[in-house]
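Peer 1: Chain by chain, the residues:
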Amino acid sequence: MKKKKCIAMLLAGGQGTRLYSLTTKVAKPAVSFGSKYRIIDFTLSNCSNSGITTVGVLTQYQPLILNEYIGAGEPWDLDRANGGVHVLPPYQAKKGGEWYKGTANAIYQNMHFLDQYDSEHVLILSGDHIYKMDYSDMLREHIRSKADCTIAVIDVPKEDASRFGIMDYDENKLITSFEEKPASPKSNHASMGVYIFRKDVLINELIEDEKDELSSNDFGKNIIPTMLKKGNMLYAYEFNGYWKDVGTVTSLWEANMDLLESRFDLNDPAFKIYSRNEALPPCFVGEEGEVVNSLVTSGCEIYGTVINSVLSEKVTVAKGAVVENSVIMRGTIIGENANLSYAIVDEDVTIGDGAVIGDEMSSKHKITLIGRDVEIESGAEIESGSIVDQEADK
Amino acid sequence: MNNQALGVIFGNINEKQIGALTTNRSIASVPFGGRYRLIDFTLSNMSNSGIYNVGVITRSNYQSLMQHVGSGKSWDLSRKIGGLRILPPNLDKVFNTRWEALKNSSHFIRNADERYVVLCDGDVVCNFDFSKALAFHEDRASDITVIYRKKFLGEGNEKNKLCFTIDDDSRVVEAVKSDKAKGMQNVSTYMCIMGREFLLGLLENSEEKNISSLDRDIIMRGVNEYKIYAYEHKGYFASMDSISNYYRHSMEMLDRNKCVMLFDNDGANIYTKVRDSAPCRFSASSAVKNSIIADGCIIKGRVENSILFRGVKVAEDAVVKNSILFQDTEVDDGTFLNCVITDKNVHILESRMLSGHETNPYFISKNSII
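Residue numbers (this note's numbering), protein chains in the order written: chain Z, 1 to 394; chain G, 395 to 764.
Since the hints were derived computationally from the structure, they do not count as laboratory data.
Computed from a predicted structure; not experimentally measured.
Be a bit skeptical, because a hint or two may be false.
[Stated by the list, open to error] Pulled a few chain G residues facing chain Z out of the computed Cβ check, cut under 10 Å:
(1) I613
(2) V617
(3) T666
(4) F676
[Claimed, not checked] With a straight-line Cα cutoff of 25 Å, these simulated PhoX-like cross-link-like pairs (lysine-lysine) come out:
(5) K715(G) with K694(G)
(6) K707(G) with K132(Z)
(7) K272(Z) with K715(G)
(8) K314(Z) with K652(G)
(9) K760(G) with K715(G)
(10) K738(G) with K319(Z)
(11) K25(Z) with K272(Z)
(12) K652(G) with K272(Z)
(13) K221(Z) with K199(Z)
(14) K272(Z) with K738(G)
(15) K694(G) with K760(G)
(16) K25(Z) with K244(Z)
(17) K272(Z) with K467(G)
(18) K199(Z) with K229(Z)
(19) K467(G) with K314(Z)
(20) K683(G) with K319(Z)
(21) K652(G) with K603(G)
(22) K760(G) with K314(Z)
(23) K173(Z) with K221(Z)
(24) K652(G) with K319(Z)
(25) K173(Z) with K132(Z)
(26) K314(Z) with K667(G)
(27) K694(G) with K319(Z)
(28) K694(G) with K272(Z)
(29) K683(G) with K314(Z)
(30) K694(G) with K314(Z)
All residues carry an ideal CB built from backbone N, CA and C; glycine is no exception.
Use the sequences and the hints to build the structure in full.
Peer 2: Given below as structure tokens:
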């Protein structure tokens, strides 16, 4: 088997607790996004578009839907004879198995995968960001600078900096300091959680880190700071495109709305975002339908009004219903004369006739969240900012 | 028993009738319904019915068809056992009829080991479960099972189609051409089932038996000689025998009942090649009514009673009515279209006024700039 220059390890086990009911049944990377995509499509498409054809996807929390979604990787052109996409769940080894303790431990537990492909470099990715990035350019820089590790960096607003790993680097992009989620950040250069390691360096570091019982086995908290301390060469790779962490309800909503404002272009034929889609006829807008400043996709039927919203596959908006500033995920049916504003409605929800979701207090900071498979009764009124899920129903 | 049938599709049948749409493509790859090609229906029907060994007989202009079907993956027909095969012509023997086409591809039928062969025209639009028809065929121990639909034949429509008279047991007792039949008729859908050995026998003895047409020499002439039974298709059905008919059938897709019948028959969906377009984007100035809009479209203007394929762009102040715009058509500012069919990649510049009539839609050929 011909060795690859670089393979990718994609961390997709995130629980996504701040997405509340959206992640009770699915892992965060499998949450729907941008009408016909799931969050993980962006990272997988980036790999495919960057010529990285071996991808290990590390799953853990609620992996079933994610596993089924990834399948053999055909939608992303990652069904390969040599390499391709492989789902790597935690497993029971002879010495016993355990859940991944941290991001670094997840890779540690799958070291056999790295050894099997034995590439020169390893790209570490996380499956919960929305962005388009050509990793091959970063890999070129990584090879040119002979770095032990290269970290993708994006400048974030000062006020957000303490949510990220923050670093400093010199004019040669050599990293001089790195702090994970610092209380008082020294800069606004944030780590995107995208790393390229020399494989031998990575393996060494993972083994060392595993021996340290005090370590939380995390790249940002442990591996990177330790390497810096030891004098390894870590370089920054600056990224200037659109990049959004969709870890909270508000940021998920905002990222969807960014598509409507054309802040992020899905329509670039040279850098397509691929996804697995069901066989559905194109969307239909009825005689009284009205769709304004919105994204709509296959299988949708619109008989009511849709304004500033993002609708996934197979969403039906009945006559007289008004959907405004909302994100509606696949298979949801919105009954006649229902009214939704600033809502995120998960998959296969039924909103009864005349139901009102949200109120005059609705805003992007007061998004109403309706969980998967929920049935909202006709005429029900749901206060803005509330979360309705099946558990709460019982 | 499902995998006991081999599928054969005629990729170039009836092309002359539909004229302009088949200048650059075979009839089987004519676009339909916003994101499909005609052959998607038959390939999906076969795949949904468990027929996984399918040959598509092509004669001419089949590049677009080959590009569309690829390895057959989209229809789950990229198989280790069986799968999709394109059967191109033998250049020495150009064929025109279904029978000649079959003779030309008889090696495919001979080398298979399925018990039955399902024959189907490439322009058939329906959602049909062959497995039920195959069970019927087996039950009657028929030589040939023709699939028909009930249709009222008025003046001038359905030229040259076979019509069947059937007895109480659904056996065909007479078959005539549609110009000799009026009123409510059992009209052929041009889908039929035969025993593979039976078909091979006819193919091998076709000279002696003086067979050159499937319709005339086997079915019409053979109603007494062979056991020919008829099985009814009750759902939506269309086949394309003229450009105005193509237009009319396309517009039927705006009728939700017909659309549901066609695209979701008890969970059996119609598959097509994926293009990975972005979702359809409706801008702040868009006004869309009673239309089918595929992914990848960017709509800024007014669209009414129309079908827009993937990647169509309609500029602000443009009006598109009663029209069918194929993939990547661009309509510029201030332009008005009515009863127009644009082929792929047509660009209609600013402030054009183009109008056809529903009985004679205005067709604009591929890559034109108007």
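Peer 1: Are the Cα atoms of K694(G) and K760(G) separated by 25 Å or less?
Peer 2: 23 Å, holds
Peer 1: Check whether the Cα positions of K199(Z) and K229(Z) lie no farther apart than 25 Å.
Peer 2: 19 Å, holds
Peer 1: Less than 10 Å between beta-carbons is the criterion; does T666(G) satisfy it with respect to chain Z?
Peer 2: 7 Å, holds
Peer 1: Does K319(Z) lie within 25 Å of K694(G) when you go C-alpha to C-alpha?
Peer 2: 23 Å, holds
Peer 1: Holds or violated: K25(Z) with K272(Z), Cα cutoff 25 Å?
Peer 2: 28 Å, violated
Peer 1: Is K272(Z) close enough to K467(G), meaning Cα to Cα at most 25 Å?
Peer 2: 20 Å, holds
Peer 1: Is K652(G) within 25 Å of K319(Z), Cα to Cα?
Peer 2: 20 Å, holds
Peer 1: Do the alpha carbons of K314(Z) and K667(G) lie within 25 Å of each other, as the hint requires?
Peer 2: Holds, at roughly 19 Å.
Peer 1: How about V617(G): closest beta carbon in chain Z under 10 Å, or not?
Peer 2: This interface hint is violated because 39 Å lies over the 10 Å limit.
Peer 1: Is the straight-line distance between the alpha-carbon of K467(G) and that of K314(Z) 25 Å or less?
Peer 2: This hinted pair holds, its Cα atoms lying about 23 Å apart.
Peer 1: Take the C-alpha atoms of K760(G) and K314(Z), compute the straight-line distance between them, and say whether it is at most 25 Å.
Peer 2: 31 Å, violated
Peer 1: Has the given pair, K314(Z) with K652(G), been kept, meaning a C-alpha gap of at most 25 Å?
Peer 2: Given pair K314(Z), K652(G) holds - Cα atoms ~17 Å apart, limit 25 Å.
Checked against the numbered hints given earlier, the structure breaks hints 1, 2, 7, 10, 11, 12, 21, 22 and satisfies all the rest.
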